[in-house]
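K.L.:
Each chain is listed here by its residues.
Protein chains: 2
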Amino acid sequence: MNIIDGGITKVKGIKGQGIHAGFKKEKLDFMIIYSERECNAAGVFTKNKAAAAPVVIDREFLLDGKAQAIVCNSGFANACTGKEGLGDALLTAELVSNKLKIKKENCLVFSTGVIGIPIPMEIMKNAIEKTIPKLESSAYASENIATAILTTDLVKKEITIENDGYLISGITKGSGMIHPNMATMLCYIFTDADISSDILKESLASSVNKSFNRISVDGDTSTNDSVVILANGVSGVKVNSEVKIESFKKALDFVCIELAKKIARDGEGATKLIECECIGALTQEDADLASKSVISSSLVKSAIFGEDPNWGRIVAAVGYSGAEMDLSKVDVKLGDLMIVKDGKGTGIPKDESRKELQNDFVKILINLNLGDYSSKSWGCDLSYDYVEINAEYHT
Amino acid sequence: MNIIDGGITKVKGIKGQGIHAGFKKEKLDFMIIYSERECNAAGVFTKNKAAAAPVVIDREFLLDGKAQAIVCNSGFANACTGKEGLGDALLTAELVSNKLKIKKENCLVFSTGVIGIPIPMEIMKNAIEKTIPKLESSAYASENIATAILTTDLVKKEITIENDGYLISGITKGSGMIHPNMATMLCYIFTDADISSDILKESLASSVNKSFNRISVDGDTSTNDSVVILANGVSGVKVNSEVKIESFKKALDFVCIELAKKIARDGEGATKLIECECIGALTQEDADLASKSVISSSLVKSAIFGEDPNWGRIVAAVGYSGAEMDLSKVDVKLGDLMIVKDGKGTGIPKDESRKELQNDFVKILINLNLGDYSSKSWGCDLSYDYVEINAEYHT
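So the protein sequences, as listed, match chains A and B. With the working numbering, letter number 204 in the first sequence gets 224, and the count goes up by one each step, no holes. With the working numbering, letter number 244 in the second sequence gets 264, and the count goes up by one each step, no holes.
Simulated from the structure, these hints should not be mistaken for laboratory data. The reader is advised that the hints may include incorrect statements.
Remember, identical chains collapse to one label, so a pair may be satisfied in a single copy or spanning two.
What the hints assert, rightly or not - In silico EDC-like cross-links for lysine to aspartate or glutamate, where the CA-CA straight-line distance does not exceed 16 Å:
1. K69 / E344
2. K69 / D362
3. K67 / E344
4. K32 / E58
5. K69 / D351
6. K383 / D328
7. K67 / D346
8. K361 / E104
9. K69 / D346
10. K364 / E104
Take the sequences, apply the hints, and build the full model.
P.N.:
Spelled out as structure tokens, the structure:
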């Protein structure tokens with residue numbers, strides 16, 4: 021497995037394009053990704069009970085495990101838009117599928133942006149008309165696609181890897197990291213491996229749990245969160261043996277974790293990427309709860325922004341996480357420094373421990389010393405800019 | 021029931037004093053409250069598994085339902101301080117009880133401040149020596165007591181009411197309201213009613229659930245959170261009939277809710293108090309989940325700071341709260357304005373809905389239209405100052 025240059029259109033048989041359609045004032049705000057061949061496909065969607073119209077539609081469309089195109093606008097979320105919103109999402113799928121001469125059910129629709137305002141469908145129609153003739157496999161197209169899905173993100177987020185003779189390439193967007201409870205996370209992954217939709221489904225659920233679910237808190241999801249994977253089989257490499265499936269899963273884990281870390285690093289106002297690893301937990305759930313609780317704590321995040329090695333906040337976040345814990349057994353490392361041993365501070369001078377916070381990557385290791393389970397989560401610091409960005413967020 | 025002027029020493033038989041002992045550089049940082057008569061007592065403490073030493077001690081001391089004195093320092097939390105920390109808390113109780121000639125087990129100890137640093141016991145000893153001769157029932161003493169427990173709070177928080185011929189008076193501290201997951205909340209309530217410790221226990225648990233637990237998220241508690249109530253019976257009014265107990269409970273609810281709202285309004289960096297009421301929920305748990313989720317959402321809090329009527333964030337916070345919800349039935353009011361009806365925006369111009377956010381009290385009403393349960397929660401907005409206060413918090 022190795023990382024290669026290039027974006028989503030590096031994958032054989034994949035075309036696409038991103039444009040400025042007018043949903044937003046200036047930025048690219050609309051894109052289509054299209055596979056020449058029908059794909060096996062799977063998706064993981066928000067658990068939010070206020071799920072957006074496109075999510076409702078896509079869940080239905082993916083029941084047959086097939087897809088061929090992805091269409092996404094930014095600027096409007098098409099969430100809390102009632103029956104009209106569902107109609108708009110369906111119409112979008114219809115317009116794209118008619119133009120591409122593919123099944124409507126193979127056209128997955130996504131939106132991200134402001135909640136509650138209907139999608140301006142005139143702009144949508146024009147966007148589709150304008151984009152489809154421009155679909156191509158160029159690096160330029162990849163760049164436009166990855167850029168068009170962004171909202172408050174500062175940088176595009178993509179990764180492409182080669183594994184066992186096929187490619188896996190993903191793009192993602194997502195910001196707002198206090199915990200990212202409502203910043204929409206979108207992720208599209210394409211592979212030219214030949215792999216069944218059942219295996220895709222199982223692999224994607226497992227990878228999402230180790231990656232995107234570790235930069236958030238389960239269930240605290242936005243109205244539009246979606247991760248989908250499409251496999252067109254064009255490479256001719258069949259992923260059907262136990263060994264090959266294991267290898268595919270590992271590769272997909274890597275893609276999802278790298279993309280999730282890119283989201284965490286690009287959190288609204290973020291200046292640092294924080295990785296929290298919890299080891300020695302009694303159960304897997306405990307390990308997940310503890311590591312997530314630390315990266316979700318506003319007080320930990322604020323302290324790290326201020327480069328204040330206030331480890332009491334870390335221990336307290338584990339203490340209220342719900343994970344089994346015996347305070348007198350807890351060790352905490354900040355980078356390479358053991359700052360807590362057996363639940364007590366080791367007395368390292370603040371000037372020294374502060375150094376571990378002065379990089380743009382901060383690593384926290386918690387050993388509960390109770391069992392054998394471990395978990396990693398990622399987050400970012402909480403800065404003045406977070407508040408500024410979120411105090412008035414418009415399209 | 022009516023609110024009266026004056027603080028904790030208004031209650032018959034209660035003396036106290038607050039001083040500057042030297043735990044902090046300048047501010048008052050130590051206090052004792054003492055009842056001349058032994059009290060029936062009850063407490064509610066943090067669920068954090070990293071509970072501080074004083075909490076461990078107090079839980080034990082309250083097993084007999086009796087107490088007579090409260091001693092509290094600010095500046096140091098005596099949390100994550102190991103066996104030595106437990107020893108320090110015990111020694112504090114001993115020193116105070118010797119001086120006051122009361123039982124050690126009747127002397128409840130509290131600390132708030134930085135986690136992980138041992139309490140400087142020389143300062144503690146001097147503080148006790150210095151304070152006990154100054155115990156008095158004056159308004160001046162009340163003011164010093166309420167001030168000495170504060171950390172990042174901007175104002176002291178107290179309320180005294182008269183009910184059925186007895187007084188109930190409470191003071192509290194607590195700040196850090198993004199959600200207040202680690203800012204220690206302390207609350208001391210005294211009454212001169214004659215009431216059993218069993219009824220106190222039941223009443224306090226019920227009132228805390230409607231008040232302090234509604235400005236926080238259950239379980240997301242600091243290492244030191246404590247609420248205690250002491251009843252010395254000096255008024256001679258027995259609270260022993262069903263009617264009188266009901267009346268006492270209502271009065272205690274009022275005291276706790278008013279104190280909780282004072283905490284929310286004084287959240288770190290707060291400029292506005294937010295009240296979220298959820299009605300029409302299918303169960304009590306759903307109503308609680310929904311109202312708490314809204315006042316805990318960083319995105320809602322940031323929007324309200326920016327006076328941005330971004331109601332999509334409110335609906336989304338209910339959507340991920342875990343409460344049963346049918347989006348097509350949800351109504352939301354901001355102040356008097358119906359901004360969402362049947363899950364869709366009502367199209368009120370932003371300039372108009374923005375006006376509802378321009379006061380320092382913002383009221384959000386959510387009707388799930390599914391059942392008969394309701395719940396109120398309180399929080400504050402998220403401002404630049406929150407980040408500044410928490411980026412480097414020292415004694």
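K.L.:
Would you pick out the hints that fail for this structure and give their numbers low to high?
P.N.:
Of the numbered hints, all hold.
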